[in-house]
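Undergrad: So the chains spell out like this:
Number of protein chains: 2
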Amino acid sequence: MAKAEHSVLGTSIARQGGVERVTGAGIYGIDLDLPNAVRGGILRSQHAHAKIVSIDTSQAKALPGVYAVVTAADAPDVKYGRTTIDRYMLAKNKVRYMGDPVAAVAAESQAVVKQALKKIKVVYEPLPVVLDPEETMKASAPTLHEEVPLPANLPKDANVKNVCSYTGVHAGDPEKAMAEADVVVEEVYETKMIHPQYLEPRIAAARQEPDGRITLWANAQAPFGVRTDVARLLKVPLNKVRVLSTELGGGFGGKASGITSGAAIEPICALLAVKARRPVMIVLDKAEETISTTIRSGAKMYIKTGVKKDGTIVARTGKVVYDAGAYSGFGAMAGARCTQMLGGWYLTPNVHIDGYVVYTNKQVCGPVRGPGGPQAAFAVESHMDSIAAKLGIDPVEFRLKNVPKSGDRIVGVPKLRDISLGETVRIAAEKIGWGKTKLGKNQGIGIATGSWIESSGPGGGAMVKVNEDGSATVHIGKIDMGTAPRFGIPMIVAEELGIPVNDVMVVNVDTDASPWDAGTVGSRSIIVSGTATRLAAIDARNQIFKLAASQLEASPDDLEIKDKQIRVKGTPAKSVPLATVATAAHNVIGEVVGHGYCDSKLMAAEEKAHGNSPPFTAHACIVEVDPDTGNVKILKYVAVHDVGFVIHPVAVEGQVEGAAAMSIGQALCEQVVFDTNGRTMNPSFVDYLMPTINMMPRIETTLVHGYPGAGPYGAKGAGEIGCVPPMAAIANAICNATGVRIRTLPLSPENVLRALRAAKR
Amino acid sequence: MAKAEHSVLGTSIARQGGVERVTGAGIYGIDLDLPNAVRGGILRSQHAHAKIVSIDTSQAKALPGVYAVVTAADAPDVKYGRTTIDRYMLAKNKVRYMGDPVAAVAAESQAVVKQALKKIKVVYEPLPVVLDPEETMKASAPTLHEEVPLPANLPKDANVKNVCSYTGVHAGDPEKAMAEADVVVEEVYETKMIHPQYLEPRIAAARQEPDGRITLWANAQAPFGVRTDVARLLKVPLNKVRVLSTELGGGFGGKASGITSGAAIEPICALLAVKARRPVMIVLDKAEETISTTIRSGAKMYIKTGVKKDGTIVARTGKVVYDAGAYSGFGAMAGARCTQMLGGWYLTPNVHIDGYVVYTNKQVCGPVRGPGGPQAAFAVESHMDSIAAKLGIDPVEFRLKNVPKSGDRIVGVPKLRDISLGETVRIAAEKIGWGKTKLGKNQGIGIATGSWIESSGPGGGAMVKVNEDGSATVHIGKIDMGTAPRFGIPMIVAEELGIPVNDVMVVNVDTDASPWDAGTVGSRSIIVSGTATRLAAIDARNQIFKLAASQLEASPDDLEIKDKQIRVKGTPAKSVPLATVATAAHNVIGEVVGHGYCDSKLMAAEEKAHGNSPPFTAHACIVEVDPDTGNVKILKYVAVHDVGFVIHPVAVEGQVEGAAAMSIGQALCEQVVFDTNGRTMNPSFVDYLMPTINMMPRIETTLVHGYPGAGPYGAKGAGEIGCVPPMAAIANAICNATGVRIRTLPLSPENVLRALRAAKR
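Going line by line, the protein sequences match chains A and B.
Using our numbering, the letters of the first sequence correspond one by one to residues 1479 to 2239.
Using our numbering, the letters of the second sequence correspond one by one to residues 1479 to 2239.
Hints in this document: simulated from the structure, not taken from any laboratory.
Incorrect hints may appear among the rest.
Said to hold, decoys possible - Below, simulated BS3-like cross-link-like pairs (lysine-lysine); rule was C-alpha separation at most 30 Å, straight line:
{"hint": "1", "chain 1": "A", "residue 1": "Lys1713", "chain 2": "B", "residue 2": "Lys2052"}
{"hint": "2", "chain 1": "A", "residue 1": "Lys1713", "chain 2": "B", "residue 2": "Lys2040"}
{"hint": "3", "chain 1": "A", "residue 1": "Lys2052", "chain 2": "B", "residue 2": "Lys1713"}
{"hint": "4", "chain 1": "A", "residue 1": "Lys2111", "chain 2": "A", "residue 2": "Lys1764"}
{"hint": "5", "chain 1": "B", "residue 1": "Lys1599", "chain 2": "B", "residue 2": "Lys1787"}
Stated by the list, open to error - Pairwise CB distance ranges (calculated):
{"hint": "6", "chain 1": "A", "residue 1": "Asn1637", "chain 2": "B", "residue 2": "Asn2065", "range": "31 to 41 Å"}
{"hint": "7", "chain 1": "B", "residue 1": "Lys2040", "chain 2": "A", "residue 2": "Glu2038", "range": "40 to 50 Å"}
{"hint": "8", "chain 1": "B", "residue 1": "Asn2065", "chain 2": "A", "residue 2": "Leu1878", "range": "32 to 42 Å"}
{"hint": "9", "chain 1": "A", "residue 1": "Gly1728", "chain 2": "B", "residue 2": "Asp1689", "range": "16 to 26 Å"}
{"hint": "10", "chain 1": "A", "residue 1": "Gly1496", "chain 2": "B", "residue 2": "Asn2020", "range": "35 to 45 Å"}
{"hint": "11", "chain 1": "A", "residue 1": "Ala1636", "chain 2": "B", "residue 2": "Glu2031", "range": "45 to 55 Å"}
{"hint": "12", "chain 1": "A", "residue 1": "Gly1728", "chain 2": "B", "residue 2": "Lys1764", "range": "44 to 54 Å"}
{"hint": "13", "chain 1": "B", "residue 1": "Asn2065", "chain 2": "A", "residue 2": "Asn2155", "range": "40 to 50 Å"}
{"hint": "14", "chain 1": "A", "residue 1": "Ala2083", "chain 2": "B", "residue 2": "Ser1485", "range": "30 to 40 Å"}
{"hint": "15", "chain 1": "B", "residue 1": "Pro2055", "chain 2": "A", "residue 2": "Asp1872", "range": "56 to 66 Å"}
As the list claims (entries may be wrong) - Some but not every residue of chain B turned toward chain A, in silico, with C-beta under 10 Å:
{"hint": "16", "residue": "Pro1715"}
{"hint": "17", "residue": "Gly1955"}
{"hint": "18", "residue": "Lys2114"}
Since we're looking at a predicted model, the values are computed, not measured.
Glycine included, each C-beta is placed from N, C-alpha and C at the ideal position.
Could you build all of it, start to finish, from the sequences and the hints given here?
TA: Here's what the structure looks like:
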């Protein structure tokens, strides 16, 4: 569709850097080989909750081959945290989950590191452990953070403890509307903790340079966030810390530690490097990775909806209890988002939802792909089917009935502009054969929708350097994790500069040189870096036209650029090569370098004025449930997405498939299981079941056009929204097949069979 | 003097990076330790001129531990050169000096590299060798470059060969003026080739990355020039080559290979890395360094001046024969500058000088500190004393008589603005005690002046990133070779942003990220990067004021910034920390990053309109000549310099002292000596005499104020001009002591004694 207007955009060019990835040639963090580097390791708490009485590192320090042993006493007395400042780099006085870092060692080999860690003697005084997010709110629960006050915005009547943050969502008069509703449906849903399970382990390597600066390599999604953490925790200025991003073998939000105060191995690594006076590299092993890093939290969601007989939703009330784990981490943001989304994305005039984010003695909440969204959508969209069933209305019709229209307000979006929700539902219904497909025995059909945040959050910049030969070197602050940097970004530069995509090189993030960026999170690569890159490329083009104008004896406004030639529009014979103009820049401004930034304040103002056009999606599937084993087999799966203008169709499809697969995993099998002491029972892939290829359906993706978003050319983010609908779509199909509504994840054979048996009784 | 107006500028803060340098902690090229790297070495011609009949690399390739052996046949068929494209990366068909690279090897160790180099069998057919720059112009001389045509601008009657470039300097009617002069003095001067003799050897290391890009580390003064050479010679786009600058242990122009097509080990290193599929590092040893890299050329200068009885100069004619060596290298530029400067920097209305830059079978001319200038000044300023003697006028008076005034034209400068020449002469005369100091036996006093080019040449950029804590990270394209990057640049940022100098970090050049730059040459660091940095810092400050204005409820125009606080002028209580504003930028434009560039076209236009204010200098000294040995001892040495606004006094003094020391060395002892076959006789420090501390006088530097230049705040470049006057100042003092005018360098004991004896005969 885009081909008429654009030359590169809308096509599915080969991903830059793809060959290296599939041939194993790419340099990942673990491939780093710093001269004279030693290994680092972290001693983690073996108690989920305990006082630290004493730490004796003398034996560990005495071990031959040990370069440094550090505890909280060796670091500046500085805490960190994204919303609540509640955490030390290394635990001080208390540990709060089984995995809390207590001490760290740098030694000549991994073997010596392990020996030294064993020789650190920590005396603990165990404290009562609380793992359940509702139990932790009770007066009887142990207090996790003595020094953290309750949130100032807590409802006055809330008699709670261990609450880390609170979100209240209010609209209209839900009490009155609920009383006037024809039908009220009330349910409770629950999702469990899952781990993002990227295959590449988390690494960090740090070196103190001769001038005292600290260089840090990390497979981090938020290199600037890591820089902030390291600078703050080591008490050095930001320009004395340099973070270089390595290739990333999967992150899914789990490696965004700089913005989550999550795993935070980087500051520990930097401290070790300073103390050891040697470069230090830390590589987490699988078990340590699983128990200690940031995760997708479990949520308990109370949801109640009032509807009119005709299917019009009139009120929604509810409560979210969102498990932040031992520290606030990303909990406040993810919990708030879950709370908002429990209000749904349909026209719902009256809403009241309380969202409590709570501390428990478990590992810490991170911004895993679509943080808070899939949990909320599991409740909302399962609940939609429950209401439709109670009303006796077809689930598709019921959804279409409540689709908002332009100018409407939904929870979290004050004013909507273009709404693709209805179209995605209609297409998904058509693609899955809703009401037409003949279902076999034990088969069921289900649908669920979703939406996602758009265009809020920090701005960011881009720099497009046009080299003397007309090739371009591009700097953005987003890392390459399979998103825009190697797909959309080079395409945008190629499009605006009239050069081949292969003449565009997007370099890896180096916090010294790259534009500041909040992190490669929140589906924001194309919104932030794409917008900035487009403006930077246009800036560069304008400079080129200005330089070329005198050579071509034409006005800059009359010029165009194509195939690396600058031409006078309508006079194709009058042209000059881009390389000539770029080289001539030397004797004027030095070089052609374009700058651009995504102004998030401006973007917000525009949306306030004209309304917001968030992405919507509808997924539908057909499943077969084995009544003897409870096994659920997905027979067909369709995903319909509006991502606004599609810059690279295959990349978007890849994002949709990946995101859907992640939530299909959470729907069918994944969860982190704890024993009563707070110990993770399944830290390896042997025990933590991920969906295998046998469980995965082919995901048939359809992209909907015509609903431009806030990104460049009308693009919207596409990385996370695919995670939102799958769990409810599958649960709805199971319910359709069996007549049993399962409200707690995962929909594993064990749980499904248990539900089927319970229903029979 | 600057302290009232400025807070940082004009003070002598500690040099950034100085401690690491003096403690040996700095990471120089030789300290690089790339994983899996192998060593590289170059086979150099043992003939000064020969045909290459054949090269057999089979035995070398068969040697265990050898990873690659390359010759011209392994590289793309591409030549290079700065003005004349006359050179291959590895010699093809012919070699033209003893040191010309013929083949190269990558092997597991330096020992295996050496063995392999010996096993490369090259069959040569020797050709006649020409070493003398005047001989090479004769019809009887062998032709060095069959494929290079004579310069198009050669005078029609010039019956010459092996001329690489020609410069003609013309003004007025010198023939007529010379005929009307009262006195005409005609002399011939000659200087010999010297090597820049930086202590750190030249290194290059190259690695091909998994995506095919080539990363190159080099102690190069012109990283972007190296990038251009590597990309062109390996036929890859510029954005597929990345050059990282290492610390530099002295360069003096000798390491500016990217802009000179001089030593050019970098493309060879890159080719080896590609072929060996391993990182390759080349380190030149002292002898190879001396015989193969670029040098300061010898020049033969014919000079003739007509003067009136009162001392007014009326005409200057002359001829320069400038030795480019085997390839054009930097010869055209250095030779042209020498030719121009032979016209002097006094008021001289009628001028005709022919400058021939010629090929000989010697190593290649590079841009050594003040290229062409010291040679010309030796002739011009010795000649001035010869004229004064003939007229019977005091040399100081004679010079002052011919000082130009505002609006005047001198050779190379169409219109002068502020002229410090007279003041520097007067101060130098006063400081040395001219006409007052009582000279002892065999003692003499001498003075010489100088000038240098200013503000011509390419532009360049700067980027000032203001981090969230108010610290700044700065990118410029100039490397740190003891010039502006670690002195003036951080001071300018500190001054304009109101932050401490230690909060400013100037990062090393990375061609991916740094602004393009022509190279750290031509006394242009403060002019180009200083101007760009000042504008970038002001741009950043403007952004900060714009962001702060709403917080402070004030107009951006009413704000000031000091001590990391933004304040409302006149209302000091209304303030906000810089860190707060810089952090708040996240939610608007991402970050505060200022951009600036030095627009050389604009600068040239301004100078055309208002005139140019070049730097001037006068050096004076007292020497004692031992009549029995010819040894010259400098008893007192004063250097008076106008460098415009002085940003860092001690740094400028350091530049003056270093530059003067270099030319004192050339005056008293240094030269590269060749045998008749073109073999360098003194490739080591054992045979190549550098001035020792015993030979060096204390250099008493005085800086003259009040003559603003084209740089930031009125600064002028200060790195090279100190090289210009010393040789003539010393020769004039010797003449004053002995009555003997020596017109050929060096003024070594041997040469002085020979001249004294010849004068006696």
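Undergrad: Determine for every hint whether it applies to the structure shown.
TA: Outcome of the hint check:
{"no.": "1", "hint": "A:Lys1713 x B:Lys2052", "in the structure": "28 Å, holds"}
{"no.": "2", "hint": "A:Lys1713 x B:Lys2040", "in the structure": "23 Å, holds"}
{"no.": "3", "hint": "A:Lys2052 x B:Lys1713", "in the structure": "28 Å, holds"}
{"no.": "4", "hint": "A:Lys2111 x A:Lys1764", "in the structure": "29 Å, holds"}
{"no.": "5", "hint": "B:Lys1599 x B:Lys1787", "in the structure": "67 Å, violated"}
{"no.": "6", "hint": "A:Asn1637 x B:Asn2065: 31 to 41 Å", "in the structure": "36 Å, holds"}
{"no.": "7", "hint": "B:Lys2040 x A:Glu2038: 40 to 50 Å", "in the structure": "48 Å, holds"}
{"no.": "8", "hint": "B:Asn2065 x A:Leu1878: 32 to 42 Å", "in the structure": "37 Å, holds"}
{"no.": "9", "hint": "A:Gly1728 x B:Asp1689: 16 to 26 Å", "in the structure": "19 Å, holds"}
{"no.": "10", "hint": "A:Gly1496 x B:Asn2020: 35 to 45 Å", "in the structure": "42 Å, holds"}
{"no.": "11", "hint": "A:Ala1636 x B:Glu2031: 45 to 55 Å", "in the structure": "37 Å, violated"}
{"no.": "12", "hint": "A:Gly1728 x B:Lys1764: 44 to 54 Å", "in the structure": "51 Å, holds"}
{"no.": "13", "hint": "B:Asn2065 x A:Asn2155: 40 to 50 Å", "in the structure": "43 Å, holds"}
{"no.": "14", "hint": "A:Ala2083 x B:Ser1485: 30 to 40 Å", "in the structure": "38 Å, holds"}
{"no.": "15", "hint": "B:Pro2055 x A:Asp1872: 56 to 66 Å", "in the structure": "60 Å, holds"}
{"no.": "16", "hint": "Pro1715", "in the structure": "4 Å, holds"}
{"no.": "17", "hint": "Gly1955", "in the structure": "7 Å, holds"}
{"no.": "18", "hint": "Lys2114", "in the structure": "39 Å, violated"}
Hints 5, 11, 18 from the earlier list are contradicted by this structure; the remaining hints agree with it.
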